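Novice: Could you put the whole structure together from the sequences, leaning on the hints where they help?
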Amino acid sequence: MSKKVLPIIYALLAAVFYGINVPFSKMLFPYISPTLLAGLLYLGAGTGVGILRLFSGKKGREEDKLAKEDLPYVVGMILLDIAAPILLMLGIRYGSSAGASLLGNFEIVATSLVALVIFKEKITKRLWIAISLITTASILLSYQKTTGLDITYGSLFVILATICWGFENNCTRKIAEKSIYQIVIIKGLFSGGGALTIGLFLGETIPKLPYLLSAMLLGFASYGLSIFVYIRAQRDLGAAKTSAYYATAPFLGSFLSFVLLGEKLSAAYSVALVVMIVGTVFVILDTLMKSHSHLHEHRILHTHGGITHIHVIRHEHVHTHIKTEAQHAHYHRRRTIEHDPHHK
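Counting from 36, one number per residue, gives the positions in the sequence shown under this note's numbering.
It should be emphasised that the hints constitute simulated quantities derived from the structure, not laboratory data. Just so you know, these numbers come straight off a predicted model, no measurement behind them. Hints are not guaranteed to be accurate.
To be verified - The calculated label-pair distances, taken between Cβ atoms and stated as ranges, are: (1) 156 <-> 312: 22 to 28 angstroms; (2) 110 <-> 87: 22 to 28 angstroms; (3) 270 <-> 159: 31 to 37 angstroms; (4) 301 <-> 64: 17 to 23 angstroms; (5) 178 <-> 148: 20 to 26 angstroms; (6) 103 <-> 178: 43 to 49 angstroms; (7) 209 <-> 174: 43 to 49 angstroms; (8) 309 <-> 235: 41 to 47 angstroms; (9) 103 <-> 163: 35 to 41 angstroms; (10) 302 <-> 101: 46 to 52 angstroms; (11) 306 <-> 244: 42 to 48 angstroms.
Unchecked claim - Under the rule of at most 25 angstroms between Cα atoms (straight-line distance), these lysine to aspartate or glutamate pairs were calculated in the DMTMM-like manner: (12) 100 <-> 212; (13) 209 <-> 156; (14) 157 <-> 212.
Note that the Cβ used here is the ideal one computed from N, Cα and C, for glycine as well.
Specialist: Next up, the structure:
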């Protein structure tokens, strides 16, 4: 297989593995309660990645391991990853799977705004447009025609989940350079264990073994394997292009919800879908495109009247191109300068 095609397949697989999470979780609800399902999904990811780690045969570099100074971010990550999947499962339970899949894009809004307010990161014009469109689509998905301006419980839970993940993403970014094995295993075992403890405390019943294993396998694919094929794609495609392919995950989840669960397509959902697609396109453009300036200097050797001298012309311009690790070429206008032969 072509070396150019394989990374794209990895990126799309990452989207597929993550996209199946919502509709497949919905299918497990008759057999597993929401809180226990959230715990089993993360526990499956942590256990599966732990097994991969044992058979990987690679030892992480010492500097890649989590250190004491990372503890506040790790604790924040764990607590938020206990709350977020529980809220998501409640959202899927009380709302539609297709709507929950699309509302997952609100995580982009939450992550960006948390980064702006807390970490003072700049938000580009394209991303502001995307935030506005995604928020509009989320509002359309969150209100029922029959209840006027009453927000649906399912949508509210999903939005709260994305807000938790928005904060969690900003915690994880602080330790992003550390061992991915450690991060996923800690997330899975501690966050999954925390959710399971809450579920048992609430009196939820442990499911039968086939459903328990199905939930853990789904978690391994959605929260474990998706991360690793994403990283594998990122090595060749770069972060920007990989995230662009990964942006298809919510739409895949919505499609599977209609196909597997037989959910009906409403007019409000159709409008929200179009708005969400446009918003996602702006996110992708913001991810892929980069603007920067170039300073050019041209030296022109000129001889007239037996005198040789140099004209130095400097100019600066800004251009936008797709982000890439490689060198790139760009076009800029060339202006012909007429010289007065009597000038010395």
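Novice: For every hint, state whether the structure bears it out.
Specialist: Quick rundown of the hints versus the structure:
1. 156 <-> 312: 22 to 28 angstroms: 25 angstroms, holds
2. 110 <-> 87: 22 to 28 angstroms: For residue 87 against residue 110, whose Cβ atoms are near 25 angstroms apart, the range 22 to 28 angstroms holds.
3. 270 <-> 159: 31 to 37 angstroms: The hinted range 31 to 37 angstroms is violated for residue 270 and residue 159, with Cβ atoms some 26 angstroms apart.
4. 301 <-> 64: 17 to 23 angstroms: Because 21 angstroms falls inside the window, the suggested range holds.
5. 178 <-> 148: 20 to 26 angstroms: 21 angstroms, holds
6. 103 <-> 178: 43 to 49 angstroms: 47 angstroms, holds
7. 209 <-> 174: 43 to 49 angstroms: About 31 angstroms separates the Cβ atoms of residue 209 and residue 174, which means 43 to 49 angstroms is violated.
8. 309 <-> 235: 41 to 47 angstroms: This hint holds: roughly 43 angstroms between Cβ atoms.
9. 103 <-> 163: 35 to 41 angstroms: 38 angstroms, holds
10. 302 <-> 101: 46 to 52 angstroms: 49 angstroms, holds
11. 306 <-> 244: 42 to 48 angstroms: With a Cβ separation near 43 angstroms, residue 306 and residue 244 satisfy 42 to 48 angstroms, so the hint holds.
12. 100 <-> 212: 9 angstroms, holds
13. 209 <-> 156: Satisfied, since the Cα-Cα distance of roughly 14 angstroms is no more than 25 angstroms.
14. 157 <-> 212: OK: residue 157 and residue 212 at ~21 angstroms, within 25 angstroms.
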